[in-house]
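For the protein sequence lines, the chains are G and X, in the order given.
Using the numbering used here, read the first sequence as starting at 42 and increasing by one per residue.
Using the numbering used here, read the second sequence as starting at 2 and increasing by one per residue.
Read the hints as simulated data drawn from the structure, not as lab findings.
Just so we're clear, the structure is a prediction, and the values are computed from it rather than from any experiment.
It is possible that some hints are incorrect.
Ranges between beta-carbon positions, derived for each pair [to be verified]:
(1) G:239 to X:279: 49 to 55 angstroms
(2) X:269 to G:384: 19 to 25 angstroms
(3) G:237 to X:19: 56 to 62 angstroms
(4) X:209 to G:252: 48 to 54 angstroms
(5) X:64 to G:329: 54 to 60 angstroms
In silico lysine to aspartate or glutamate, EDC-like type, Cα no more than 16 angstroms apart, as pairs [unchecked claim]:
(6) G:346 to G:216
(7) G:395 to X:248
(8) X:239 to G:392
(9) G:321 to G:97
(10) X:204 to X:184
(11) G:244 to G:97
(12) G:251 to G:97
(13) X:61 to G:388
(14) G:251 to G:328
(15) G:395 to X:65
(16) X:61 to G:381
(17) X:239 to G:216
(18) X:239 to G:388
(19) X:204 to X:189
(20) G:191 to X:149
(21) G:321 to G:147
Even for Gly, the Cβ is constructed at its ideal location relative to N, Cα and C.
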Amino acid sequence: MKKKIMSLVLAAALTVSVVLTGCGSKETSANADAGELNLFIWTEYVPDSVFDKFTEETGIKVNVTTFSSNEDMLAKVKSEAPGAYDIIQPSDYMVSQLIAQDMLAELDKDALTNLSNIGEEYLDPVYDPGNVYSVPYQGGVAAIAVNTDKVDVEITSYDDLFDPALANSIVLLDDFRAIIGMTARSMGYSMNETDPAKLAEIKEKLLTLKSNVKLYDSDSPKSALISGDCSVGMIWNAEIALSMAENSNIEVVFPKEGPYVFMDNWCITKESPNYDNAMKFINFMMDPEVVQMVLAEFPYLNPNKTAVEAMGEEYSGNPAKNPPAEVIASGEYVENLDVDTLAVYDEMWTELKK
Amino acid sequence: MKKKKNFRGNTLPALVMVGPVTLWLLLLVAVPLIYVVFMTFCSLDANYNLVFTFTLDNYKRLFDANYVQIYAQSLLIAFSTTLICIIAGYPFAFLIARVFTKKKAILYMLVIIPFWTNSLIRIYGWRTFLGSSGWLNNMLTKLHIISEPAEFLFNRGTIILGMVYCLIPYMILPLYTAVEKLDKSMIEASKDLGAKGPATFLKVILPMTASGIFSGSIMVFIPCLGYFFVADILGGGKSDVIGNLIERQFQSGNNWPLGAALSVILIAITLLLVKIYQICGGDMENLGV
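Just chain G, same shape as in the assembly (with noise of 0.2 angstroms):
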């Protein structure tokens, strides 16, 4: 037993090493008088290089600290003392959420002097209507990956998902409100639908996709496509992108009925102890040349046009990585939803996963 115990104890010790020099904050050199500026952003996908360019330009020190998950970053954010961290970068939904619960800061359209770059169908989301809080940074869209070479029926939209030809085939990203939002469009419905009658019909809707989920996989559910597990998949571009690049009989989808868009944004936090700092920096984040490094790294969709036009074909002639405009406009943000209606939305889930 004894021996059980020091190799339980041994296996914690390494865990939470590994876990500190995992998430541990990034420091670059410092000129003391210039100030500092501390991060909460998401891991991979601001390349470090990004940091150091902005540290050499301005003499800001820069801190990071990473999240993986929306609900992480409020949760962490509300638990640190106010002014913990200055920049944070919430999708969507969340930027709303942060809104109605005043903890973001008015940004200084002024100090904004790059935002013309931001193409206008980026502007004025409906999560944050005039921009008065955020500026788009990457987001991207819930599109299809069909492997043409194991896959005889024609899939043009997310209704196409429910044929039974597809029985066992597909995977689905894990996450309940693309997956019920993506029935809703289907149907004509909006992916933030409240109507209990709708939602009524949508949750009979849901359940038929059962017989074909082969998989529910939001981490990695390129890997599925690459081995040949699934032949279907209704999954974030990029991953399709990758997929792509990995098995040539894989193609990219956009549902006629218009996607599941999700865009992640630069904030200010309300007590940021650095707010000039921090509008220099997300003014330098929409820098085309910046916004290039990033991509090179990184290539999700990208609302930087002016960068956009300036990057290769590899990446803007690739609809997988660079989802075209009309796509964009045609598709729908996730919206937050009441508390009941939430708990509709999670009985559905719990019910189609059980």
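Chain G is fixed; fit chain X onto it per the hints.
Same frame as chain G, but now just chain X:
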């Protein structure tokens, strides 16, 4: 004077020894646990913030038909896993303790070493191994045993396989301890009195190692209910265990009170099992308590 000496001689060392542990347990076990229970009576405001307006709704929702089915499924998975662990672990523990006594250390290490690698990574390993273009399918097709890749992944069977794989050391180790403690003279006495192999096993060896089976079962059964990542990775997210429900409420569902209530269920099941274990004469020390 004497009192002072007593303090320095008895109380102070005890305080120094036990104090930090007590503080540690209070801070890291008792306080969070109390908070979890407190949370189950809270509700959410319009922005999903926790607010304290006393409610039993979270407990009411636990009896939702879908949830009950998931508890049943979870218990079934845990029960099958435990049974397989006993059947596979018992002979192995017996071999280590009684037969290959000279290679004991090596065999023991073979059980322990995989334990040092993160179980998440090992579970991903199984997924690669069993996938339709995985090693197993490739071998079977090359040997012409099957013509099309078989579907090994994403069903309840694969979840049980993953659980057994992760948890079998918890079964083997207490069994090993129990078998090793076994008094050899008892077996000899049984033989002297004319009992055949099976009778000796059933009437002497099995009852005397029952404590090991009990504690192993507890240590396998309980984590099974919570290992949501095994259900996610090997089950394809299609057969949830209680752990998945909890994880979802703390993450995307954003309903911490309900998640907390689900955790309380898990704690209740655990306490119940430990109680049964105690009633059946199990020794708490064998559980590492």
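Evaluated hints:
no.: 1; hint: G:239 to X:279: 49 to 55 angstroms; result: holds (53 angstroms)
no.: 2; hint: X:269 to G:384: 19 to 25 angstroms; result: holds (23 angstroms)
no.: 3; hint: G:237 to X:19: 56 to 62 angstroms; result: holds (57 angstroms)
no.: 4; hint: X:209 to G:252: 48 to 54 angstroms; result: holds (50 angstroms)
no.: 5; hint: X:64 to G:329: 54 to 60 angstroms; result: holds (57 angstroms)
no.: 6; hint: G:346 to G:216; result: violated (29 angstroms)
no.: 7; hint: G:395 to X:248; result: holds (14 angstroms)
no.: 8; hint: X:239 to G:392; result: holds (10 angstroms)
no.: 9; hint: G:321 to G:97; result: holds (13 angstroms)
no.: 10; hint: X:204 to X:184; result: holds (14 angstroms)
no.: 11; hint: G:244 to G:97; result: violated (54 angstroms)
no.: 12; hint: G:251 to G:97; result: violated (53 angstroms)
no.: 13; hint: X:61 to G:388; result: holds (14 angstroms)
no.: 14; hint: G:251 to G:328; result: violated (45 angstroms)
no.: 15; hint: G:395 to X:65; result: holds (12 angstroms)
no.: 16; hint: X:61 to G:381; result: holds (15 angstroms)
no.: 17; hint: X:239 to G:216; result: holds (13 angstroms)
no.: 18; hint: X:239 to G:388; result: holds (15 angstroms)
no.: 19; hint: X:204 to X:189; result: holds (13 angstroms)
no.: 20; hint: G:191 to X:149; result: holds (13 angstroms)
no.: 21; hint: G:321 to G:147; result: holds (14 angstroms)
Of the numbered hints stated above, those contradicted by the structure are hints 6, 11, 12, 14, listed in ascending order.
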